[in-house]
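There are 2 protein chains.
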Amino acid sequence: MLTVHHLGKSQSERIVWLCEELGIPYELKRYARDSVTMLAPPDYKALHPIGAAPVIVDGDLVLAESGAIVDYIMAKYGKGRLVLGPDAPDFAQFLYWFHFANGTLQAGMGRLMLLNRLKLAEDNPMLPATKARVDRAFDLVDTRVRDAEYLAGSTFTTADIMMGFSLTTMRYFQPYDLARCPNVVKYLGRIGARPAYRRAMEKGDPGMALLLS
Amino acid sequence: MLTVHHLGKSQSERIVWLCEELGIPYELKRYARDSVTMLAPPDYKALHPIGAAPVIVDGDLVLAESGAIVDYIMAKYGKGRLVLGPDAPDFAQFLYWFHFANGTLQAGMGRLMLLNRLKLAEDNPMLPATKARVDRAFDLVDTRVRDAEYLAGSTFTTADIMMGFSLTTMRYFQPYDLARCPNVVKYLGRIGARPAYRRAMEKGDPGMALLLS
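Protein chains in written order, with the UniProt record's numbering: chain U, 1 to 213; chain F, 1 to 213.
Honestly, the hints are just simulated from the structure, not real lab data. Honestly, I wouldn't trust all of these hints.
Claimed, not checked - Residues from chain U shown here face chain F by an in silico Cβ test under 7 Å; the list is partial:
(1) 59
(2) 63
(3) 65
(4) 67
(5) 68
(6) 71
(7) 72
(8) 92
(9) 95
(10) 96
(11) 99
(12) 111
(13) 114
Unchecked claim - Counterexamples of contact, computed for chain U against chain F with all Cβ distances above 10 Å:
(14) 33
(15) 76
(16) 122
(17) 171
(18) 173
(19) 199
(20) 208
As the list claims (entries may be wrong) - Pulled from the structure, derived: some chain U residues nowhere near chain F, Cβ distances all over 12 Å:
(21) 148
(22) 177
(23) 186
(24) 189
(25) 190
(26) 196
(27) 207
(28) 213
Computed from a predicted model, the values in this text were never measured in an experiment. Note that CB positions come from ideal geometry on N, CA and C, so glycine has one too.
Excised from the complex, chain U in its bound form (with noise of 0.2 Å):
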């Protein structure tokens, strides 16, 4: 039996969600975010050396780093659903959106948390040159889901679930303004509207208000 353990606003929604779309059994073990520090708590860390959400036990395995996680999972429950194969013409777009999500915009999104952390001053110039390669992700997510569905093209796949924490839970932590982006409002919409992501958040961080807007 899979056991995901859950970090409250953490990456590892992205696992619960991932669980439900799959309509996989799993066990679900939440902890609770220190309500002072925001960080994960002495049983959290303690489940893998590098101490941050996600992490899976299945069997004898522990696994941490979202990606990998989900390759996981795929290979051994996903039976061919949520994802694209090589010879899919939105193969590409899959992989792109995939990697994007941890590559490209959580990076920006966690080194423009880091500068606001830092209460620098307003005139400094490393504030608008990260917020504008940040500006750059959003603007690519924008016009990408303007043009399509979902991330990988009219398919929902594990893109979009790599994507969804990013978009959504992590501006609890970095907030970002989506007014700029009307094409990404209504595709959170899309996503809000599907009933396994509405019970991942119910299951793993039940009562925290959904950041689709």
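Once you've looked at the hints, dock chain F against the given chain U.
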């Protein structure tokens, strides 16, 4: 014919290296960073809307993002080489280190680089906190390559290719002393002895000193 657009001293060295390991035909187009700002030149930024390395062109496809490009090339031209499948005992290790490269190590190095460029007061608590996370990532790699020849285990894979840049050339932008990681140094010795690695570096960044220790 696959075209690899390589920005000097950048993540696109992974793609040159991958093509050399696979021995597939490709055209290499090199671009130099601006000698003052160290940024990509305008003609590189114009290749893809994200404006960052790596970028490949394959027929009508223009693709960016390291992880996506590696997955794409493996699916199209890899013929099952350099990857582990779901039935391999080290499948999860392979996935973990493949995604750890940009999801954790490169992201951490990027945040550290950003902080160092800000010339913060030496007692700013964000510095040791960010450094500690990068140290934890390097320590994890060090333990792994103490116990295994390559990151996925006994087999060289694309996980090593993804990690290579962050362990070596990235240290031109964010120095990191490998004295604390003797097993990483030995591992990089094994990497540096690979003919395909040496060919890739000589073709992509001729004359660049390799940061293998």
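Evaluation of the provided hints:
1. 59: Since the shortest Cβ distance to chain F is 11 Å, the answer is violated.
2. 63: At about 5 Å, which falls below the 7 Å cut-off, the nearest Cβ of chain F leaves the hint on residue 63/U intact, so it holds.
3. 65: Since chain F brings a Cβ to about 5 Å from residue 65/U, closer than 7 Å, the hint holds.
4. 67: Because about 3 Å separates residue 67/U from the closest Cβ in chain F, which is inside the 7 Å limit, the hint holds.
5. 68: At 4 Å from the nearest chain F Cβ, residue 68/U passes the 7 Å test, so the hint holds.
6. 71: 5 Å, holds
7. 72: 6 Å, holds
8. 92: At about 5 Å, which falls below the 7 Å cut-off, the nearest Cβ of chain F leaves the hint on residue 92/U intact, so it holds.
9. 95: 4 Å, holds
10. 96: 5 Å, holds
11. 99: It holds, given that the least Cβ distance between residue 99/U and chain F is near 3 Å, below 7 Å.
12. 111: Holds - the Cβ of residue 111/U comes within 7 Å of chain F, reaching about 5 Å at its closest.
13. 114: Nearest chain F Cβ about 5 Å off; hint holds.
14. 33: Holds, since 16 Å exceeds 10 Å.
15. 76: It is violated; residue 76/U is separated from chain F by about 6 Å at its closest Cβ, not greater than 10 Å.
16. 122: 14 Å, holds
17. 171: With a cut-off of 10 Å, residue 171/U remains clear of chain F, as the shortest Cβ separation is near 18 Å.
18. 173: 14 Å, holds
19. 199: 26 Å, holds
20. 208: 23 Å, holds
21. 148: At roughly 15 Å from the nearest Cβ of chain F, residue 148/U sits farther out than 12 Å, so the non-interface label holds.
22. 177: About 21 Å separates residue 177/U from the closest Cβ of chain F, which puts it past 12 Å; holds.
23. 186: It holds; residue 186/U is separated from chain F by about 20 Å at its closest Cβ, greater than 12 Å.
24. 189: 24 Å, holds
25. 190: Label holds. Min Cβ-Cβ 23 Å, cutoff 12 Å.
26. 196: 23 Å, holds
27. 207: 29 Å, holds
28. 213: Residue 213/U is indeed farther than 12 Å from all Cβ atoms of chain F, at 24 Å.
Going down the numbered hints, you'll see the structure goes against 1, 15, while the others check out.
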